[in-house]
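Undergrad: Here's the letter readout for the chains.
Number of protein chains: 2
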Amino acid sequence: MELFWLKGYNSTSIADLLSRTQLNSGSLYHVFPSKQDVLIGVLEAYRDGIEEMLLEPAWGQVEDPIEKIFALLNGYRTMIVESDCTYGCPIGSLALELHEPDPKVRDLLAENFQNWTNAIERCLDAAGKRLPRGTDKKALAQFVLTAMEGGVMQARTHLDVAYFDRAVTQLREHFALLEKAATAPA
Amino acid sequence: MELFWLKGYNSTSIADLLSRTQLNSGSLYHVFPSKQDVLIGVLEAYRDGIEEMLLEPAWGQVEDPIEKIFALLNGYRTMIVESDCTYGCPIGSLALELHEPDPKVRDLLAENFQNWTNAIERCLDAAGKRLPRGTDKKALAQFVLTAMEGGVMQARTHLDVAYFDRAVTQLREHFALLEKAATAPA
DNA sequence: ACGGTTGTTGATTGATCGTTCAAACAAGTG
DNA sequence: CACTTGTTTGAACGATCAATCAACAACCGT
Numbered sequence: 387m388e389l390f391w392l393k394g395y396n397s398t399s400i401a402d403l404l405s406r407t408q409l410n411s412g413s414l415y416h417v418f419p420s421k422q423d424v425l426i427g428v429l430e431a432y433r434d435g436i437e438e439m440l441l442e443p444a445w446g447q448v449e450d451p452i453e454k455i456f457a458l459l460n461g462y463r464t465m466i467v468e469s470d471c472t473y474g475c476p477i478g479s480l481a482l483e484l485h486e487p488d489p490k491v492r493d494l495l496a497e498n499f500q501n502w503t504n505a506i507e508r509c510l511d512a513a514g515k516r517l518p519r520g521t522d523k524k525a526l527a528q529f530v531l532t533a534m535e536g537g538v539m540q541a542r543t544h545l546d547v548a549y550f551d552r553a554v555t556q557l558r559e560h561f562a563l564l565e566k567a568a569t570a571p572a
Numbered sequence: 387m388e389l390f391w392l393k394g395y396n397s398t399s400i401a402d403l404l405s406r407t408q409l410n411s412g413s414l415y416h417v418f419p420s421k422q423d424v425l426i427g428v429l430e431a432y433r434d435g436i437e438e439m440l441l442e443p444a445w446g447q448v449e450d451p452i453e454k455i456f457a458l459l460n461g462y463r464t465m466i467v468e469s470d471c472t473y474g475c476p477i478g479s480l481a482l483e484l485h486e487p488d489p490k491v492r493d494l495l496a497e498n499f500q501n502w503t504n505a506i507e508r509c510l511d512a513a514g515k516r517l518p519r520g521t522d523k524k525a526l527a528q529f530v531l532t533a534m535e536g537g538v539m540q541a542r543t544h545l546d547v548a549y550f551d552r553a554v555t556q557l558r559e560h561f562a563l564l565e566k567a568a569t570a571p572a
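Taken in order, these protein sequences are the chains called A and B. Just so you know, we're using our numbering here: the first sequence kicks off at 387 and counts up by one. Just so you know, we're using our numbering here: the second sequence kicks off at 387 and counts up by one.
Just so you know, the hints here were simulated from the structure itself, not pulled from any lab data. As the structure is a computational prediction, the values presented were derived from the model and not from experiment. It is possible that some hints are incorrect.
A pair counts as met if it fits within one copy or between any two copies, since identical chains are not told apart.
[Stated by the list, open to error] With a straight-line Cα cutoff of 20 Å, these simulated EDC-like cross-link-like pairs (lysine to aspartate or glutamate) come out:
id, residue 1, residue 2
1, 524, 497
2, 515, 559
3, 515, 450
4, 523, 551
5, 490, 450
6, 421, 565
7, 490, 546
Whenever a hint applies, use it, and build me the whole structure from the sequences.
TA: Have a look at this one:
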């Protein structure tokens, strides 16, 4: 039921959902009081399923904490390619699409982002002394999300993964500089 | 006529446009064959007006090419604050909102991004030797856009400019590292 | 067998959307 | 003044949307 939000967004009609789910309008409205509650349900499922749905698949055998970050980004790359550059992070798309979101919806979007950056931050913590002392790991984790979302956006607009790849390359460069700065501090 | 796309997005109804512009449906359709052509008109105006509308206001007295970049980002910051974190780059919002855009529309979005990154790239060129030799300036310019769009997205989702500020801070850190690497090469 | 609860059905509703068009109007031209 | 040309008007249309609801089926304990 969650996957339908990937291809379409909030403007996917109820009728679309019905045909996809083989349901009738009445049944759907028996479970969800309104269309927005469907969205809330999906966002909650996303929030609670990030570990199994997103992180574990991407991190299969990767051990190095910093490589985990780029393995996750590579997972997005795969989705971009497989969707012919149509893919957009569902959370990011919704965040920009809904201009006056219900507080509950906005909170859920924020929670989804938070979970994501928290996962990155854990990687950064695990990287320990490879990063310079005093590094703001929370800010850096958010910066990774920033790079991902911006890269996805540009790749989709130009219909060219290379835009995403360049964003990742730049981020790698940033990490390389950080790691170098960590070894040669003063 | 262009400003209406800032507060609303593509899902602003024709009726909204009519009441805002004091026009009648007939008059509008006399000028624009369809709603999409209105969008195209706005995107073209954006594309052609980036210099006067965006760059010049932000760059008033700033001379330093790298500071120009951050002056531009600070312009976005102002808009975020003034709109109570409701602001979203119109191009970015549209890029993620339109899932199956008309080729013409998509091209215009891409052109708008291109103009923006080209302007940044000119700053990077002007920065000359302050950046390490061999720096991919095109990729770096796109990375600045990436940071901006991602920062805007997160600020809006969390309703907190601090998320944008942190993205900018991280980008500054990146530039600082690059400048340091430029002076101490081998 | 039966009343009660729960879940399902799909036609229907009213609102809103983008778009159209015949008629009215304005402005020139000879 | 008549006539042509171009613009404006706003009611109306069909499509589609989210949401409703009376009727109906399936299951339960008793």
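Undergrad: How would you label the pair residue 490, residue 450 (within, between, both, or neither) given a Cα cut-off of 20 Å?
TA: neither (36 Å within a copy, 44 Å between copies)
Undergrad: Since the copies are identical, ignore which copy is meant and state whether residue 490 and residue 546 lie within 20 Å (CA to CA) inside a copy, between copies, both or neither.
TA: Between. Shortest inter-copy distance 16 Å satisfies the 20 Å Cα cut-off; intra-copy 35 Å does not.
Undergrad: At 20 Å max between alpha carbons, let me know whether residue 524 reaches residue 497 within a copy, between copies, both or neither.
TA: Answer is within; shortest intra-copy Cα gap is 15 Å, inter-copy 34 Å.
Undergrad: Since the copies are identical, ignore which copy is meant and state whether residue 523 and residue 551 lie within 20 Å (CA to CA) inside a copy, between copies, both or neither.
TA: between (23 Å within a copy, 15 Å between copies)
Undergrad: Between the shortest in-copy and the shortest cross-copy C-alpha distance, which are at most 20 Å for residue 515 and residue 450: within, between, both, or neither?
TA: For residue 515 and residue 450, only the intra-copy Cα distance (13 Å) is at most 20 Å; the inter-copy one is 35 Å.
Undergrad: Within a copy, between copies, both or neither: where do residue 421 and residue 565 come within 20 Å Cα-Cα?
TA: neither (47 Å within a copy, 51 Å between copies)
Undergrad: Have a look at residue 515 and residue 559 and pick one of within, between, both or neither, based on CA distance no larger than 20 Å.
TA: both (18 Å within a copy, 18 Å between copies)
Hints 5, 6 from the earlier list are contradicted by this structure; the remaining hints agree with it.
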